[in-house]
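Undergrad: Under this note's numbering, the sequence shown is numbered contiguously, ending at residue 1121.
Just so you know, these hints were derived from the structure itself, not from any lab. The C-beta atom is built at its ideal place from N, Cα and C for all residues, glycine as well. Fair warning: there could be bad hints in the mix.
The calculated label-pair distances, taken between Cβ atoms and stated as ranges, are [what the hints assert, rightly or not]:
1) Glu1016 x Ser1067: 12 to 22 Å
2) Lys1020 x Tyr1098: 14 to 24 Å
3) Arg988 x Gly1068: 18 to 28 Å
4) Ala1021 x Trp991: 17 to 27 Å
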Amino acid sequence: MKCTGILFLVLVGTFPGAARAQSFQLSLGAGAAFPTGNFRGTDRAGWLGSAAVSLGSGESGLGFRLEGMYGETGHKAPNTGKTRLLGGMGDIVFQIPGAGASVKPYLVSGAGVFRVRSDLAPSGTSRATGFTWEIGAGLAFPLGPANLFVEWRYLTILNQGSHTSCFPLSAGFLLGW
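Using the sequences and the hints given, assemble the complete structure.
TA: Set out below in structure tokens:
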């Protein structure tokens, strides 16, 4: 509990201006994961889900997001099985200034840790955990107390001398205070 309070104070203190300029949001999203690179050679598109908490500043357009994500992709024939992606990210979100009130574009970049588990019949299961980075862009559509969002990212998981990369495309909603 003490660490949570300290983290909150550090995040609030990083923004210029008073606490009244802060915004706190919870988000849930779902979408598709499109493998790329070597991952594209073995797997086809799959699905993903995410949940996040965000803290931002209306004055600077800068925000921070902690996000958890889970997704699955299926192996291409003749192989059977699937690949599971589970991880967490710490993101910096920058809302592009000057945008209209009906659509709010933003950029996102972050790093974290993901676990990749690939079940490949009949050879067995491989597991790897690695540093992950991402970069992307999104659009938020304000609807009263909530926002709908659409986000496209490039995500790379570095594991055991190789990497697993994909383009997650997700949509969902943000509830803010």
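Undergrad: If I claimed the Cβ atoms of Arg988 and Gly1068 lie 18 to 28 Å apart, would that claim hold in this structure?
TA: holds (21 Å)
Undergrad: That 12 to 22 Å hint for Glu1016 and Ser1067 (C-beta), does it hold up?
TA: holds (19 Å)
Undergrad: Okay, Lys1020 versus Tyr1098 on CB: inside 14 to 24 Å?
TA: holds (21 Å)
Undergrad: Is 17 to 27 Å a correct range for the gap between the Cβ atoms of Ala1021 and Trp991?
TA: holds (19 Å)
Checked against the numbered hints above, the structure violates none of them.
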